[in-house]
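K.L.:
Keeping the supplied structure of chain C fixed, place chain A upon it in accordance with the hints.
Line order of the protein sequences matches chains C and A. Start counting at 1 in the first sequence, then tack on 2, and there's your number in our numbering. Start counting at 1 in the second sequence, then tack on 54, and there's your number in our numbering.
Some clues are possibly wrong.
Which residues of chain A face chain C? A partial, calculated answer using Cβ under 7 Å [as the list claims (entries may be wrong)]:
1) 91
2) 116
3) 120
4) 126
5) 127
6) 140
7) 142
8) 143
9) 147
Simulated from the structure, these hints should not be mistaken for laboratory data. For glycine and all other residues, C-beta sits at the position ideal for the given N, C-alpha and C.
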Amino acid sequence: VTDEPGAARRWLIGPPGIARLTVTHCVHGAAETFFAVSMAGSIFFSVSPEAARPRVLLFLTLTLAPFLVMAPLFGPLVERLRGGLGVAITGTFIVRAGLALMLAGNLRTLLLFPLAFAFLVTAKSYTVARNALMPTLARGREDLVSVSSRLARSATMASSVAAVAATVLYTTLDGARVLQAASVVYVAGALVAGRLRGTPIEPRAAQAEVVRELEQGTVTDAIWAMTALRAAIGFTLFHVTFSLRAEEAPAWTIGALIAANGLGSFVGSVLAPIARRRMSEHRMITVALIAPAVMTTVAGLALDLVTLLAAVGVLGISGSIARRALDALFQRQAPHARRGSVYAWLETRFELAWVIAACLAVASQVATWVGVIALAGFLVVVAIVHARQQFRMRLLEPRPILSLPERLLDRAESLWEEQAYDEAIALARAAQTRDFPRSADAATAREAIEAARESLRPGRD
Amino acid sequence: MGCRRLRAALAFGALTLGLLACTARSEPGAVTADAYVAALSEFLPDAAVANEDPPIVYVVPIGDGALDLDTQVAVIDALAERWDVHFVDDAQAAIKADDDDDDDAEPRGETYVLGIGTIKAVPPHTVRIEQYTDASRSQAHRVTLVEHNGTWRIDSVAMVEPEVLVGDG
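Looking at chain C on its own, in the form it has when it is part of the complex (with noise of 0.2 Å):
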């Protein structure tokens, strides 16, 4: 039994452990809408696009750079040192910090350029290291599509406190000011994230068997799923972020383009746990491909703000069903590749896709239209190779890795850290029992349910 204040807290940032990475997000979240709104003040609205593109093309290759080194790096970095991610997590936010800083001194000259670009690679390791910590911290604790979800929830409503916040610094100071407001947030990021470094990271496993379960077609199926997902919301923005500039479209609707993308997120990470419940992983992911296709479309055929907003908040919410839908899959398919190392590769992979993305968006210099509907195009595409895909995988039929013992004990690990201890004690002890079913299906789990409370009825012995 737990009280309303402790169910709400769990709600919010978790039980303890994963708490921590929680609220270090949410100031996370915040910190970036501060330096999102910031930006409204910068050299980048004055000039033309034009002009200004082939500095971004530049500076988002040289963004590549970073990432091409980490992709195979990282993953070993990570099981090497201990409590490194919480010390990387910790140095994203004092570099952050500082850049906030030296970028207040610079909104309207021409260094903004290298400093935005280096706040958004150190910005995108900051995502690798998180992603990478998740799992450790969620490990037989806690479902991690929950925890995933509930990353995604808290950071945008601290990132909706903090965009009012900002606003209000934007429009009765500037820019820069709302920046030294940016790097505060950033230590109080950094002072939070402190508490992670003594995080341990689990033993390295067999490096076949982490192989072997990512070989598996359906994983790696998901796998180019996401990418693609993450490749089209990196084209998207910065796509629509120049056709916007080219028309001399107010700061704001920027704004909103993010905006949109963050709502999208949160509704994803909202709809994802019901979804997980009515469908497949790899239902999910197909829906999450097929949904912004079809909103893309609509756009490219009926272009204007409102369907462009529209566009980039259901690509926001694909990503995020698609992303839960990873983590399922994972959690279910590839507990042995379940870790930080692999995790922190995965992301990297993400990362470069969307930077990848995003440079042909800037390259590209197609009519908003025709950006647009290439982008709805491409979906359809990885749409139907996916689906495709998991029509033959059916065939095969993957079996879950983890035997019904070790799933009911996990289980038990979660109602312990719920503080469920009778529930957890009569968990682990079932876990113990030899009489576990051969083959379950729907029927059979129904049947058992209503017979055990048939004999739970009173006057039944």
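P.N.:
Leaving out everything else, chain A in the frame of chain C:
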């Protein structure tokens, strides 16, 4: 191994590109941003007074395309105290037009739209500047600049035939 080498080569290439971009310098004797500031200053509206927002001035390229980014930033910075200068690629972005056929569309509310060409690199340093009163009407000038000890100033301004900004081109 091959993949690692490819990654290293790509990363090295990206860094080299960055270093080259960061160390790039304009050619000696090139027309500087000061020349554009001098040319534009003659046509700017009244500057902002204390506690007032500076007037917004849109600058549209004429002819060879937009000024390079460094020049644009330097011009904006030089005039920032009294004018809020925005460089735009497309005149449509600066001039409010209800539809493409509306030749009487006027520049946005309290804003000014100036067109500027590229200053000739060799003397006489001339540049075409246009002041747009609406989508189809403008006053065009040929401005001649002179440079003395790195300082640019206007030598002469002559009225010339305007070009149509929006519409039939």
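K.L.:
All hints are to be evaluated individually against the structure, with a verdict given for each.
P.N.:
Consistency of the hints with the structure:
Among the interface hints, the one on residue 91 of chain A is violated; its C-beta lies about 15 Å from the nearest C-beta in chain C, farther than the 7 Å criterion. Hint status for residue 116 of chain A: violated, given a least beta-carbon distance of 13 Å to chain C, over 7 Å. This hint holds: residue 120 of chain A has a C-beta 5 Å from the nearest C-beta of chain C, less than the 7 Å allowed. A cut of 7 Å between beta carbons decides the hint on residue 126 of chain A: the least distance to chain C is about 5 Å, and the hint holds.
Because the smallest distance between the Cβ of residue 127 of chain A and any Cβ of chain C comes to about 5 Å, under 7 Å, the interface hint for this residue holds. A least Cβ separation of about 5 Å between residue 140 of chain A and chain C falls short of the 7 Å threshold, and the interface hint therefore holds. Below 7 Å, beta-carbon pairs count as interface contacts, and residue 142 of chain A has one with chain C at about 5 Å; its hint therefore holds. For residue 143 of chain A, the shortest C-beta to C-beta distance to chain C is roughly 5 Å, which falls under 7 Å, so the interface hint holds.
Evaluation of the residue 147 of chain A hint against chain C yields a held restraint, the C-beta minimum of about 3 Å falling below 7 Å.
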